[in-house]
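Asker: The lines below spell out each chain.
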Amino acid sequence: MTFALDHIGFDVGGDRVIDDVCLTFAPASLNVLLGPTLAGKTTIMRLMAGLDQPSTGRLLLDGEDVTGTPIRKRSVAMVYQQFINYPSFTVYENIASPLRGAGVAKAEIDKQVREAARVLRLENLLQRLPAQLSGGQQQRTAIARALVKRAGLVLLDEPLANLDYKLREELREELPRIFSRTGAILMYATTEPSEALLLGGSTITLSAGRVTQFGPTSKVYRNPVHIDAARVFSDPPLNELPVAKQDGTIKDRSGRPLGRIDGLSDRPDGGYRVAFRADAASIGPAATGELSFYGKVVITEISGSESFIHVDVGVGTWVCLVSGVHEWAPGRTAVVNIDPRQVFVFDASGRRVQANVLEGAEP
Amino acid sequence: MTSITLDGVAHAYDGKPRSESDYQLKLFTHVWEHGLAYALLGPSGCGKTTLLNIISGLVIPSEGRVLFSDKDVTHLPTEQRNIAQVFQFPVIYDTMSVAENLAFPLKNRRLSKPVIDRRVAEIAAMLDLTDDLNRRARGLTADAKQKISLGRGLVRSDVSAVLFDEPLTVIDPALKWELRSKLKTVHRALDLLMIYVTHDQIEALTFADKVVVMNDGRAVQIGTPAELFYRPEHTFVGYFIGSPGMNFMRAGVRGDRAQVAGFEFGLGQVYDNLPAGQPVQVGVRPEFVSVTSGSGLPAQVRRIADLGRKRLAYVNLGDHPLVVTIPREVEGLGEVVNILIDSANTHVYVADARVQGRAP
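Line by line, the protein sequences give chains A and B. Quick note on numbering: the first sequence equals residues 125 to 487 in our numbering. Quick note on numbering: the second sequence equals residues -5 to 354 in our numbering.
The following block holds chain A by itself, in its conformation from the complex (with noise of 0.2 angstroms):
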């Protein structure tokens, strides 16, 4: 089946939380919501579940409109941060629930609940209680109850937040593999970049209730549209630097005047944002190129392989990404090289204005 969003809008006590939101999913796709909190994640998992009716636009399932079918008639399962399970039932009778409901024979439905046991890894639990199981069984009961309804559209919202580190790096491996094999289209909302990086498929982009950017995710996440999704798309957050262009010559708001921006060349006066990631900048006791910016080091950072220096460059501070370990003193004078090829220039309105944005645009 393919699910699509037409125009939707919601409004709370009379502000619009969510905003004119256009999605079409494809059968069997996986479709990561990508947004910091309260920027309307789960709203929108809301109203596509049906659980609340939106303000403004249309839902509709394989082009048929489904906006006011209750959510008993929809074929939805839903999986929240919070763990929700009957916490009187074990974790057996938890995960045929659904199938109770809806009527199935004993006989199979005792087979269902065993293969998504299996494939979730609570066979030996299955006469436990809720209440008996770590953090992290307890949300693979709640996703195996969504398994088994073998619902078209299988809504995700941060599952693995509460979970331990490891454990989620597992289930994140193995979630949109179980969930792929049952052709359902999967969303699954998320506040993390690296984790919208490692499940991949396509990434939805969301600021302030307005989806910015949709499309596969190595491309929203190569070539972002708008200065959102870029900044959603960032951890570290992205390194901004607005500059002001004035006959012809670009320069920063110091004044200094900066060398050839990339895209910025051909564009009218006015102001601009340049934007990069940690990665895009390496920091080196001397200028090697025309976008090298003086600045004092505020404190690194070290990860094991990787040093993280923050640096005060006098418009606020950039993470500088370095490999290796790198201890630079607070307080030290460092110079950070840009690389301009990853460098992305955004207009006043927050748009992308340079022309290789184009191939990563469409939805």
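Hints are supplied without guarantee of correctness; some may be wrong.
One side of the interface only, derived from the structure: several residues of chain B facing chain A at Cβ under 8 angstroms [unchecked claim]:
(1) K178
(2) I196
(3) L199
(4) P219
(5) L222
(6) S237
(7) E281
(8) L301
Counterexamples of contact, computed for chain B against chain A with all Cβ distances above 10 angstroms [what the hints assert, rightly or not]:
(9) H24
(10) L52
(11) F98
(12) R251
(13) A255
(14) D313
No wet-lab data here; the hints were simulated from the structure. Keep in mind it's a predicted model, so treat the numbers as computed, not measured. Here a beta-carbon is modelled for each residue, glycine too, at the ideal position from N, C-alpha and C.
Model the placement of chain B on the given structure of chain A, informed by the hints.
Answerer: Frame of chain A; chain B shown alone:
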């Protein structure tokens, strides 16, 4: 100047332990040095919170002593230990202003107003809270409230230690970067002993001078972030640190050569007399195995992951799954690729413990 000593500490929640496996925290001796930042890192149930609670006084250990400098505090309650704590969720007074919240721990100690004002201003400046000092705490976002909690934890300059229990778990990724670097800057400025519990390796590694990696009630390695990355002393450290973790392969090791699944490659050191009858593994991080256009070991590609600033290939070397790095200059990959293992960063483990070889 206070250092904290855990002297032969062990803990079993359940009455009378009979064997080692009954201890949730197994025998542990360590001196936490004044002025350093430590992280306790491990999966849930590894004993890291138990260890923190023993230091704070919430848990009295079944065995061993807790010393603050030379004073035995094993049986002293938390409030007599002179420590500050920051928890996962913000603990602040909604009806008070931000300044009053920050001043609260100092008022309790009956410090003079000028001293309190100076200290509050100093901490507020470090945490970028200066403009908010006169606002009520009510109505602030969860992130802002947690920043105030951090400030309250840091405001007393006379504490023996500041203990953090997963303080950034509920914070958004972008703000996490800011708060973490702030915390580190504050640590440098204040000369305090800080102990920070987390299950997030990036938080632990970037914050701490030294990380205590825990698994199953045991501290398996204490080291700097670089030591944990380059030289994991235990297979668990190799697995838990790094994303993805270290590759481990069952291997035959003779001299400076390793045999894996019928393939042979060189090691950086010579291993003469490995104990017999125990499982031998070779461990190498994905960062130190790369796809090469030159000669190397042939591996089957199962899957490629694009992680943005790096790309990884999930391959099989014989029947051994490995994760390897795809260098930037390598474009399309065939079904079979040649891989190169960096011998200088390859280690040998016997029964999960790293074995030191000798220089060739």
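Asker: All hints are to be evaluated individually against the structure, with a verdict given for each.
Answerer: Checked hints:
Checking K178(B) against chain A: minimum C-beta separation of about 5 angstroms stays under 8 angstroms; hint holds. The closest approach between the C-beta of I196(B) and any C-beta of chain A is roughly 6 angstroms, which is under the 8 angstroms cut-off, so the hint is satisfied. Look at L199(B): its Cβ gets to within about 5 angstroms of chain A, closer than 8 angstroms, so that hint holds up. A least Cβ separation of about 5 angstroms between P219(B) and chain A falls short of the 8 angstroms threshold, and the interface hint therefore holds.
For the restraint placing L222(B) at the interface with chain A, the shortest Cβ-Cβ distance is roughly 6 angstroms, inside the 8 angstroms limit, so the hint holds. The restraint placing S237(B) at the interface with chain A holds, with a minimum CB-CB distance near 7 angstroms, inside the 8 angstroms limit. With 8 angstroms as the threshold, the beta carbon of E281(B) comes within range of chain A, its nearest partner Cβ sitting at about 5 angstroms, so the hint holds. Taking 8 angstroms as the C-beta cut-off, the interface hint given for L301(B) holds, the closest approach to chain A being about 5 angstroms.
Distance check for H24(B) against chain A: the nearest CB is about 21 angstroms away, which clears 10 angstroms, and the non-interface claim stands. Under the 10 angstroms C-beta cut-off, the non-interface status given to L52(B) relative to chain A holds; the minimum distance is some 21 angstroms. Consistency note on F98(B): stated as away from chain A, and its beta-carbon is indeed over 10 angstroms from all of that chain's, at 27 angstroms minimum. Residue placement check: R251(B) keeps its beta carbon more than 10 angstroms from all beta carbons of chain A (closest about 26 angstroms).
Here A255(B) stays apart from chain A, with its beta-carbon at least about 23 angstroms from theirs, past the 10 angstroms limit. With a minimum CB-CB distance of about 19 angstroms to chain A, D313(B) clears the 10 angstroms threshold, and the non-interface call stands.
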